[in-house]
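A.B. asks: Chains as they are written, first to last, in our numbering: chain S, 1 to 297; chain Y, 1 to 341.
These are computed hints drawn from the structure, not numbers from a lab.
Some hints here could point you the wrong way.
[Claimed, not checked] DSS-like mimics (lysine-lysine), calculated; alpha carbons at most 25 angstroms apart, straight line: (1) Y/LYS224 with S/LYS213; (2) Y/LYS99 with Y/LYS302; (3) Y/LYS39 with S/LYS213; (4) S/LYS183 with S/LYS125; (5) Y/LYS79 with Y/LYS90; (6) Y/LYS99 with Y/LYS196; (7) Y/LYS79 with Y/LYS302; (8) Y/LYS39 with S/LYS183; (9) Y/LYS90 with Y/LYS224; (10) S/LYS125 with Y/LYS39; (11) S/LYS183 with S/LYS213.
[Stated by the list, open to error] Stretch-level coverage of chain Y by chain S, calculated; a stretch enters the list once three of its residues show a Cβ under 8 angstroms from a Cβ in chain S: (12) 148-154; (13) 189-203; (14) 285-296.
C-beta: ideal position from N, C-alpha, C; glycine also.
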Amino acid sequence: MTTKIASQEMKSLHFNPRKPAMTTGDRVVGAVSHTALSIWSLIVILPLLWTFMSSFKTSSEIFASPFALPSQWRFDNYVRAWTEAGIGSYFLNSVIVVGSALVIVMVLGAMCAYVLARYVFFGSKAIYYLMLAGLTFPIFLAMVPLFFVMRNIGLLNTLPGLILVYVGFALPFTVFFLFSFFKSLPHEITEAAALDGAGEWRTFFQVMLPMAKPGLASVAIFNFLGLWNQFLIPVAINAAGPRVLSQGLAAFAGQMGYAVDFGALFAAVTVTVVPVLIVYIIFQRQLQGSVSQGTSK
Amino acid sequence: MTLVKAKTLRNGDGASAVVVPDTAPSVYKRRRKPLTFDKISFFVVFLGVPLTIYILFVIWPFIQAFGYSLTDWSGFSPKQNFIGLQNYQKLFTDDIFMKAMGNNILLVIFLPIITIILSLVLATLVTVGGSSKGQIKGLRNSSFYRVVSFFPYTIPAIAIGIMWGQIYDPSGGLLNGILTSLGMDQFKSYAWLGDKNTAMIATMFVIVWGFIGFYMVLFVAGIKGIPAELFEAARIDGAGRFRTAVSITIPLIRDNIQTAYIYMGILALDAFVYMAALNSGGGPDNSTLVMSQQLFFTAFTKGQFGLASAMGVVLAVATLIFSGLVFLVNRLTGGDKDVSL
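Make a model of the complete structure from these sequences and hints.
C.D. replies: Okay, structure coming up:
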């Protein structure tokens, strides 16, 4: 994917000797387009920059002027957010929960999608539609009963409980995406593996799974973003448990009304935003590729 | 589990699998393979484990919700009286819930259309905004815009909500700061989220901000999938940029637009995170209250689990009706004609 795009760009840059002249209309359209897109980029970047800048200010500085740079680049907002507000431990909880759920859902989703895509058996269609139902109904419908399911099995307000529920709700999307992916892999390969003496387990883990890597990467990215941003599930079934980041951030902002520490709030938001943003900027080529894969296949 | 037909699978445990007569493949397909431990354990684990988790934590609660919605259960008491459709009756005569539903309908009407039009415009500018001579190409440096546009999608919704809550802040916020520095002093301490005339619009803006980039990238991918010859042919036929966008681009990425419309609509019917972050109490005069907020409050603060489940069912039905409508409209306006390539 990446190399393909790169080579196309190379081609249009170097091997296209005819450089057509720009007409006046082109220039106008180009200018208007660049203006529109620049304004949009500004609308995206400005709030983020402002948040970042404010995270170094004291509350009184924030209220004095929204634009002024902080008088000095102090990090005590971050220290307070990280320790006193507990953003540090929330962050760790999020990493644990999202990391475990992601690994589990990728393995289980790939297994389930593989069986559904490669074998025809009684009930396979029914399972497929069951997955579709999970994608169609809003999570809100399940919230109340889920609360009691979790309480009854003793996993309410625990991180393992949260992980299992994350896995459950991320499963249908994972299975759907990988279903079409496994379906498109050639059958000859399974046959070759079988002839070479590989059992079902080995065929899956040593032959099919490595072949599905591009598909797995795409789903993993989307699952990661979806789970990292998840808010409703933790506030509903983990309200009194160890908080994850999104939940902790909301709680921190909620109590802000009483004890105004805006600097620390901005610092907490920055801590939430920046790691994912950096990961995105590093992997943005793959991600843009995944979006196109997810929609065109 | 035992009904597995080894359709194209020849596993190496029986010699017979190797000597399959080429003349009768259908006979071979019908023959059942001996069930080995490898195969049984494979199916038990590969289907059993994911399905158990999925049914226990997703499907079973969904089913239970319908049952609970017909009871007056308050959750922590053991008694659960069947009261038929009374909960639903209560909901549809409850002014606050109807107000919340109205707000959701407002969101469903405006959010998808605004988001999709804006992201479609941006995607078109990025992909075909380049020179009208020679090769069809996008704007120069367009990848910068694409990367930046996607930023909001990587930010947790709750962080977006909190951030914009501060931007809208009457006294220290960025927005009023910009407006007053531009000379509009009437906004000096205007509470965007505290005035019922602007609370909903301000909230919608935040959600649109969060999603334009994602759909823009999605549409860019769709447009890039269209062969360049089609654009060239349209150009030779004398179609201008606008005409090309309306007659070539939009019909060819129609499926993407439909998907985007449904996703955005489902989001508008939920919208819980944004509302909770921007105006957790439902806003001035309940002007930003949505059904999901009311559900959460009814269930986890008031403990009326039967009633809350009924709200969940209403929300689910609304989602299904919405998706059905989008499919229907797309079909009636000619979306079933196969224009894909």
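A.B. asks: Would you mind marking each hint as holding or not holding in the structure?
C.D. replies: Tested hints:
1. Y/LYS224 with S/LYS213: holds (23 angstroms)
2. Y/LYS99 with Y/LYS302: holds (19 angstroms)
3. Y/LYS39 with S/LYS213: Within the cut-off at roughly 24 angstroms; holds.
4. S/LYS183 with S/LYS125: holds (14 angstroms)
5. Y/LYS79 with Y/LYS90: holds (20 angstroms)
6. Y/LYS99 with Y/LYS196: Since the Cα atoms of Y/LYS99 and Y/LYS196 sit roughly 13 angstroms apart, the hinted pair holds (cutoff 25 angstroms).
7. Y/LYS79 with Y/LYS302: holds (17 angstroms)
8. Y/LYS39 with S/LYS183: holds (20 angstroms)
9. Y/LYS90 with Y/LYS224: Violated, because 51 angstroms separates the two Cα atoms, which is more than 25 angstroms.
10. S/LYS125 with Y/LYS39: holds (20 angstroms)
11. S/LYS183 with S/LYS213: holds (14 angstroms)
12. 148-154: Since 7 is at least three, the answer is holds.
13. 189-203: violated (count 0)
14. 285-296: n = 3 at 8 angstroms, threshold three: holds.
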